[in-house]
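Chemist: The primary structure of each chain is shown beneath.
Number of protein chains: 2
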Amino acid sequence: MLTFYYPTNTCALASHVALEEAGAAYETRWIDFGAAEQTKPEYLKINRKGRVPALATERGVLTETPAILAYIAQTHPEARLAPLDDPFAFAELQSFMSYLCSTVHVAHDPAAHEAMKKKVRQSVGACFDLIERKMLRGPWVMGDAYAVANPYLFTIARWMEVDSASLIRSR
Amino acid sequence: MLTFYYPTNTCALASHVALEEAGAAYETRWIDFGAAEQTKPEYLKINRKGRVPALATERGVLTETPAILAYIAQTHPEARLAPLDDPFAFAELQSFMSYLCSTVHVAHDPAAHEAMKKKVRQSVGACFDLIERKMLRGPWVMGDAYAVANPYLFTIARWMEVDSASLIRSR
Chain A
219 MLTFYYPTNT
229 CALASHVALE
239 EAGAAYETRW
249 IDFGAAEQTK
259 PEYLKINRKG
269 RVPALATERG
279 VLTETPAILA
289 YIAQTHPEAR
299 LAPLDDPFAF
309 AELQSFMSYL
319 CSTVHVAHDP
329 AAHEAMKKKV
339 RQSVGACFDL
349 IERKMLRGPW
359 VMGDAYAVAN
369 PYLFTIARWM
379 EVDSASLIRS
389 R
Chain B
219 MLTFYYPTNT
229 CALASHVALE
239 EAGAAYETRW
249 IDFGAAEQTK
259 PEYLKINRKG
269 RVPALATERG
279 VLTETPAILA
289 YIAQTHPEAR
299 LAPLDDPFAF
309 AELQSFMSYL
319 CSTVHVAHDP
329 AAHEAMKKKV
339 RQSVGACFDL
349 IERKMLRGPW
359 VMGDAYAVAN
369 PYLFTIARWM
379 EVDSASLIRS
389 R
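Protein chains in written order, with this note's numbering: chain A, 219 to 389; chain B, 219 to 389.
Next up, chain A with everything else stripped away, as it sits in the complex:
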């Protein structure tokens, strides 16, 4: 049985629709944004990033919409929610979802920009603090098995040197 954690009117809706379309066996747990429930210790035990949605499975909790969507599709092949046997078509699907989450979603949210612009240095630092303390499993990002997340993390982590250099120059 899956448990889906979601607030109303967020990108969680996408995963909720997919769960229904997959005919998945799941229960829901509503998260009250008005009461900032996503920042409370009880929810942070579910998702340490304090973000929604989250999908609790027997193996653990999944977060980030594109990943949850791909998981629902892959575990319910009979629902045909993704081209599972065609790597190129699957990559095109992923590319579309990636564009939505990294560009469209971000472009939508001026409040997030304003907040992030003011504290972009702290924000990047906080991201890498979370990665280093909570997300890295070791020896590789995902644990014993090497995966493509490693060069991706390596690439973005390198930028910290540039950020650091520009901080020094601006003093």
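Do not rely on the hints blindly, as some may be mistaken.
Note that the list lumps identical chains together, so a pair holds whenever it fits in one copy or between two copies.
Unchecked claim - Lysine to any residue pairs mimicking SDA-like chemistry, simulated, CA-CA at most 25 Å apart: (1) K263 to R376; (2) K267 to W377; (3) K352 to H294; (4) K267 to P301; (5) K352 to D304; (6) K263 to A307; (7) K258 to D304; (8) K352 to P301; (9) K267 to F306; (10) K352 to G241.
Rather than coming from a laboratory, the hints here were simulated on the basis of the structure.
We have chain A already, so just place chain B on it with the hints.
Modeler: The following block gives chain B in isolation, referenced to the frame of chain A:
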């Protein structure tokens, strides 16, 4: 044979590393950011988003780092670049890469924030204009086969109503 389009010192490096690690047969085409080559008609034929990296395959061009990485992993299973036979582990990998592309990468780039904050409404409009005119295949997002990108797009598109309402209120 794959063709990899990349500039120096961007997130394209992640895919470049993965191509090497996969032992992929590919050639490279360097994109000159200094000359804004990514905005020129010749490159826009390769990637209409004018962004990098892009990976040209026999089936077509792939963009967006998480999608390119998953594709490289799936088409080179012998390189073991992703847990291809384990949907949960694959989803965890995707979740990590999604966090990198939607949050960490964005948090890194104050210039992008500043530019986007100033014109967030135009930016969202430009995103959906591109989606509607160039990316939607019909009848579903990816063409004839339904896929999980559909509820994702539906969800984010709904926000345009909210944006529109707040524009009217702010007049």
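Chemist: Evaluate each hint against the coordinates.
Modeler: Verification of the hints:
Within a single copy, K263 and R376 get their C-alpha atoms no closer than 30 Å, and across copies no closer than 30 Å, so neither meets the 25 Å cut-off. Taking CA atoms no more than 25 Å apart as the test, K267 paired with W377 passes in both settings, with 22 Å inside one copy and 23 Å between copies. Neither within a single protomer nor between protomers do K352 and H294 lie at most 25 Å apart by alpha-carbon distance, with minima of 30 Å and 30 Å respectively. Taking CA atoms no more than 25 Å apart as the test, K267 paired with P301 passes between copies only; the shortest distance there is 23 Å, against 30 Å inside one copy.
For the homomeric pair K352 and D304, the shortest alpha-carbon distance between copies (22 Å) is at most 25 Å, but the shortest distance inside one copy (34 Å) is not. In this assembly of identical chains, the alpha carbons of K263 and A307 lie at most 25 Å apart only when taken from different copies (20 Å versus 36 Å within one copy). Taking the shortest Cα distances, K258 and D304 never come within 25 Å of each other, neither inside one copy (41 Å) nor across copies (32 Å). Within a single copy, K352 and P301 get their C-alpha atoms only as close as 33 Å, which misses the 25 Å cut-off; across copies the closest is 21 Å, which meets it.
When the C-alpha separation of K267 and F306 is checked against a cutoff of 25 Å, the pair qualifies only between copies, where the shortest distance is 19 Å, while the shortest distance within a copy is 31 Å. Taking the closest pair of Cα atoms, K352 and G241 never come within 25 Å of each other, the shortest separation being 33 Å inside a single copy and 32 Å across copies.
Of the hints listed earlier, those the structure fails to meet are numbers 1, 3, 7, 10, in rising order.
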